[in-house]
Amino acid sequence: RKEVEQDPGPFNVPEGATVAFNCTYSNSASQSFFWYRQDCRKEPKLLMSVYSSGNEDGRFTAQLNRASQYISLLIRDSKLSDSATYLCVVNQYSSASKIIFGSGTRLSIRP
Amino acid sequence: SQTIHQWPATLVQPVGSPLSLECTVEGTSNPNLYWYRQAAGRGLQLLFYSVGIGQISSEVPQNLSASRPQDRQFILSSKKLLLSDSGFYLCAWSGRGRPNEQFFGPGTRLTVL
Numbered sequence: 001r002k003e004v005e006q007d008p009g010p011f012n013v014p015e016g017a018t019v020a021f022n023c024t025y026s027n028s029a030s031q032s033f034f035w036y037r038q039d040c041r042k043e044p045k046l047l048m049s050v051y052s053s054g055n056e057d058g059r060f061t062a063q064l065n066r067a068s069q070y071i072s073l074l075i076r077d078s079k080l081s082d083s084a085t086y087l088c089v090v091n092q093y094s095s096a097s098k099i100i101f102g103s104g105t106r107l108s109i110r111p
Numbered sequence: 001s002q003t004i005h006q007w008p009a010t011l012v013q014p015v016g017s018p019l020s021l022e023c024t025v026e027g028t029s030n031p032n033l034y035w036y037r038q039a040a041g042r043g044l045q046l047l048f049y050s051v052g053i054g055q056i057s058s059e060v061p062q063n064l065s066a067s068r069p070q071d072r073q074f075i076l077s078s079k080k081l082l083l084s085d086s087g088f089y090l091c092a093w094s095g096r097g098r099p100n101e102q103f104f105g106p107g108t109r110l111t112v113l
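So the sequences go chain by chain: A and B. Taking the working numbering, the leading residue of the first sequence gets 1, the next gets one more, and so forth. Taking the working numbering, the leading residue of the second sequence gets 1, the next gets one more, and so forth.
Just so you know, the hints here were simulated from the structure itself, not pulled from any lab data. Beta carbons are placed, not taken as given, at the ideal position from N, Cα and C, and that holds for glycine. Take the hints with a grain of salt, since some may be wrong.
[As the list claims (entries may be wrong)] Quick list of the computed label-pair ranges, beta carbon to beta carbon:
hint	chain 1	residue 1	chain 2	residue 2	range
1	B	Val15	A	Arg76	24 to 34 Å
2	A	Asn27	B	Arg98	17 to 27 Å
3	A	Lys42	B	Glu22	16 to 26 Å
4	A	Gln31	B	Arg96	39 to 49 Å
5	A	Pro10	B	Ser77	33 to 43 Å
6	A	Ala17	B	Ser65	42 to 52 Å
[What the hints assert, rightly or not] So these bits of chain B aren't anywhere near chain A, every CB distance computed over 12 Å:
hint	residue
7	Ser1
8	Glu22
9	Glu26
10	Gly41
11	Ser77
12	Lys79
13	Ser86
14	Asn100
15	Pro106
16	Arg109
17	Val112
[Said to hold, decoys possible] DSBU-like cross-link-like pairs, simulated, lysine-lysine; straight-line CA separation at most 30 Å:
hint	chain 1	residue 1	chain 2	residue 2
18	A	Lys2	A	Lys42
19	A	Lys42	B	Lys80
20	B	Lys79	A	Lys42
21	A	Lys79	A	Lys42
22	A	Lys98	B	Lys79
23	A	Lys98	A	Lys45
24	A	Lys45	A	Lys79
25	A	Lys98	A	Lys42
26	A	Lys98	B	Lys80
27	A	Lys2	A	Lys45
28	A	Lys2	A	Lys98
The shape of chain A in the complex, shown without the other chains (with noise of 0.2 Å):
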């Protein structure tokens, strides 16, 4: 099993409608978790921190469920412009080696 999994998509859905994704963690002692956005062919870009408690930045929301393992993103009312791959970061122990990218999902909006 991958450290840290993610459906590859692509999710295709119209502009203004709400899309989520997830993806799951297989170590249970991971500690710090993330989502970064990654434009085609550009350099991955911190999108937003997950908090155990939840968090919530504009249309986009990210939760975290430590007892099945998964953290998840949920963009409301979708733009043209969150066209992307989003991968899903953990990180084990707080560790500059223990970092683990997702493959990421990619979100194409169309208008």
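Take the given structure of chain A and dock chain B to it, following the hints.
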């Protein structure tokens, strides 16, 4: 503000040739520095990281090496490239003690023929 530079942006090299990719960071001191490789359709693979000048930790055995000759300079090298070295190479930095919030450079797209 902090910026991170990588060059070259793209590179096409024959098998067996040497490699040198450079990464520099501006606007911060004592950063953690990282080299990642992203193969097509796959996640980022951490290759090396460094917490200080001359200090390199290697995460995967391979024909690549890294060096940190200055605080804000990180170099990825190879003496002889393999076909399997093709990929998107990304340099990243994070603040000391904050490994989770990483900021990536624009990357180098390497094709080995």
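Status of the hints after comparison with the structure:
The supplied range of 24 to 34 Å is broken by valine 15(B) and arginine 76(A), whose beta-carbon atoms lie about 49 Å from each other. Here the CB-CB span from asparagine 27(A) to arginine 98(B) is close to 21 Å, well matched to the stated 17 to 27 Å. At about 19 Å, the beta-carbon gap between lysine 42(A) and glutamate 22(B) stays in the expected band of 16 to 26 Å. Here the CB-CB span from glutamine 31(A) to arginine 96(B) is close to 18 Å, at odds with the stated 39 to 49 Å.
The given range of 33 to 43 Å is respected by proline 10(A) and serine 77(B), whose C-beta atoms sit roughly 36 Å from each other. The beta-carbon spacing between alanine 17(A) and serine 65(B), approximately 47 Å, falls within the hinted interval of 42 to 52 Å. The claim that serine 1(B) lies off the interface holds: its Cβ sits roughly 14 Å from the closest Cβ of chain A, which is beyond the 12 Å cut-off. With 12 Å as the threshold on Cβ separation, the claim that glutamate 22(B) sits away from chain A holds: the shortest Cβ distance comes to roughly 16 Å.
For glutamate 26(B), the requirement that its beta carbon stay farther than 12 Å from each beta carbon of chain A is met, with the minimum near 16 Å. Not every beta carbon of chain A lies more than 12 Å from that of glycine 41(B), the smallest distance being close to 7 Å; the non-interface claim is violated. No beta-carbon of chain A comes within 12 Å of the beta-carbon of serine 77(B); the shortest separation is about 20 Å. Consistency note on lysine 79(B): stated as away from chain A, and its beta-carbon is indeed over 12 Å from all of that chain's, at 24 Å minimum.
Every C-beta of chain A lies more than 12 Å from that of serine 86(B), the closest at about 15 Å, which supports listing it as non-interface. For asparagine 100(B), the shortest C-beta to C-beta distance to chain A comes to about 5 Å, within the 12 Å cut-off, and the non-interface label is violated. Under the 12 Å C-beta cut-off, the non-interface status given to proline 106(B) relative to chain A is violated; the minimum distance is some 6 Å. Non-interface call for arginine 109(B) relative to chain A: violated, since the shortest CB-CB distance, roughly 8 Å, does not exceed 12 Å.
The beta carbon of valine 112(B) sits about 18 Å from the closest Cβ of chain A, which is more than 12 Å, so the claim that it is off the interface holds. Between lysine 2(A) and lysine 42(A) the CA atoms are separated by roughly 24 Å; this keeps the pair inside 30 Å, and the hint holds. For the suggested pair lysine 42(A) and lysine 80(B), the alpha carbons sit about 27 Å apart, so the restraint of at most 30 Å is met. Using a Cα cut-off of 30 Å, the hinted pair lysine 79(B) and lysine 42(A) holds, with the two alpha carbons roughly 27 Å apart.
The straight-line distance between the Cα atoms of lysine 79(A) and lysine 42(A) is roughly 19 Å, inside the 30 Å bound, and the hint therefore holds. With a CA separation close to 27 Å, the supplied pair lysine 98(A) and lysine 79(B) stays within the 30 Å bound. Between the alpha carbons of lysine 98(A) and lysine 45(A) the distance comes to roughly 18 Å, so the proposed pair stays at or under 30 Å and holds. With a C-alpha separation of about 18 Å, the suggested pair lysine 45(A) and lysine 79(A) falls inside the 30 Å cut-off, and the hint holds.
With a CA separation close to 23 Å, the supplied pair lysine 98(A) and lysine 42(A) stays within the 30 Å bound. For the hint pairing lysine 98(A) with lysine 80(B), the CA-to-CA distance comes to about 28 Å; that is within 30 Å, so the pair holds. Of the supplied pair hints, the one linking lysine 2(A) and lysine 45(A) holds, its CA atoms being roughly 23 Å apart against a limit of 30 Å. For the proposed pair lysine 2(A) and lysine 98(A), the alpha carbon gap of about 14 Å is at most 30 Å, so the pair holds.
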